[in-house]
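Engineer: Listed below, chain by chain, are the residues.
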Amino acid sequence: MKHSLTARRNAAMEAMAGYAFILPQVLGFILIVLVPLINVFVFSLHNRNMLFGTNIFIGLDNYARLLTDGLFVQSLKNTLVFSLLLVPINVIAALLMALYLGEAGFGSRYIRAIIFLPVVTSGVAWAIVWKYLLQGGTAGPVNWFLAQLGIAGPNWLNEKGWAMLSVVFNRVLKNLGTNVLIFYGAVMNMPGEVVEAARIDGAHGFSMFRWIKAPLLMPTILMVTIVTVIGSMRVFDTIKLMTDGGPEGSTMVMVYYVYHKAFRTFETGYAAAIATVLFAIVLTLTIAQWVLRKRVTHYEQ
Amino acid sequence: MSNKRPLRVAVTAAALIIATLLFVYPFWWMLVNSLNTAAEVFGPPALLPKSWRFENYAEIFRVQPFARHILNTLLVAGVGTIGNVLVSALSGYAFARLRFPGRGFLYVLLLTALMMPIEVIIVPLFFQMRGWGLSDSLYPLMLIPIFGAQGAFSAFMFRQFFLTVPMELEEAARLDGLSYLGTFRHIMLPIAKPVASSAAILAFLATWNTYLEPLVFTTSVQQYTLPLSLSNFNDSYGEPQWHLQMAATALSIIPIMVVYMIFQEKVRDAMVNSGVKG
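As they're listed, the protein sequences go chains A and B. Numbered continuously in my numbering, the first sequence closes out at residue 316. Numbered continuously in my numbering, the second sequence closes out at residue 287.
Rather than coming from a laboratory, the hints here were simulated on the basis of the structure. Idealized CB from N, CA, C, for every residue including glycine. You may find that some hints are simply not true.
Here are the computed distance ranges between Cβ atoms for each label pair [unchecked claim]:
(1) A/L161 with B/T29: 17 to 27 Å
(2) A/G176 with B/W37: 27 to 37 Å
(3) A/A303 with B/Q273: 26 to 36 Å
Some chain A residues judged to face chain B by a derived CB distance under 8 Å, without partners named [to be verified]:
(4) N54
(5) A128
(6) A277
Model the full structure from these sequences, guided by the hints.
Structural biologist: In structure tokens:
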């Protein structure tokens, strides 16, 4: 009797300590994340303008407006194009580099060190430097270099199409290092006996990759792909600094449009509606990632 | 076999040259032009500065309150990182080791922060901070890395780590009469150092480099952090003053580069693991 009383008191003490330990984080999370998240939905149902101080409940009108807003549709399309360009380029380049680094002796350490330099650099610094490297005419070093080869480079950041490719290229270089090293870890963890056995059976080059390495790497490839997709949805600093959404809105992505509507034209309610759509996309992708991770760990066991 | 060797050498050489051009040359170009005059920046690219104008590095402190921007960034990244690690170590430990009703639910709730990039909540967060009287201040920039997605991620890392620590360790400490806080401080926190340093590296890099938050939450030049400051070296026509911008960018990158060079393996491990797990 006395014993169980002590046990219960101890359990109560432990619970108290537990609540005390998580209090700062949970309280902060509620105030800094949860309340604003609820408010995104609330804002999106209002005609809210920071400049005029209006705040009128309008139901789903903001969402109806999204469908007819050419700029929103364009920003959605641009985000999609950005992702569809960036993700395959990033994942394939990272995979090829990791496979190369897995085989290479000389220079492998050096490359693994330098591909991480842009990763630790701010996106702002990386964008500022490349903005100059990509200057039009022959002013920019990239075009100067092309001119030496007899090629007249375009005005990278001011021509439609090229501008999108330029920001994608910038973003790929910025984050490639992380994915290369994740793949490199997976490549180095491939069971040596399997690869060796396949080599003895005559698998080389592409057949080795297609039938042996690719299946072994598939879980990692899937994870990296989704993480890269989510990251690509959030691109902002590169766009803001390199093209400012231009030319003619051809690089205006969703986060840029949220920022523009909220803090440039002060249509806060409408900006919140765009943010809600962004949230829905990121949420879907994150859930996919979690489900996938569960399946992958299951598969690994 | 013999005709394969030259091919291998050629491939290796090409890989090294291309990688250097893409990942090192931009930084070199930045350094070179940080020592040029404005006019010299526009000349054909050279491997060395022309006038070695070290004066640029003094001038950036005159055209903007750049020293203040460095201090602001150090302050935000410092407080943000320390707060992030302390708060998430506490909660990560509790979620892993202490039993209390609602633990599972609260943990999952906290992890939802990982799905909420700052871009989604920044609009209402701006009004909330303004309501608290924190607009145009550094406080939002410190609070976000502590309690936002970065904080939740650190808590996740700490919890994963504490789950692997053998129970006997803290049972012994408890029998010795240490309180829960004492056990955490003297036994558990010291053995969690590797996780703490990973969490700190990630939080520090994120706060040092972030752009959207200072863009939204600060308005006066006095409150800028480095990423915002870098994009602000423009002449009176709004055209960037490239030579100054490059000097400022170089100064903002150098501390990070030095830290990276010293702790290369550690930094890469932290970021690579966060990529796999996050």
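Engineer: Going back to the hint list, which numbers does this structure go against?
Structural biologist: none
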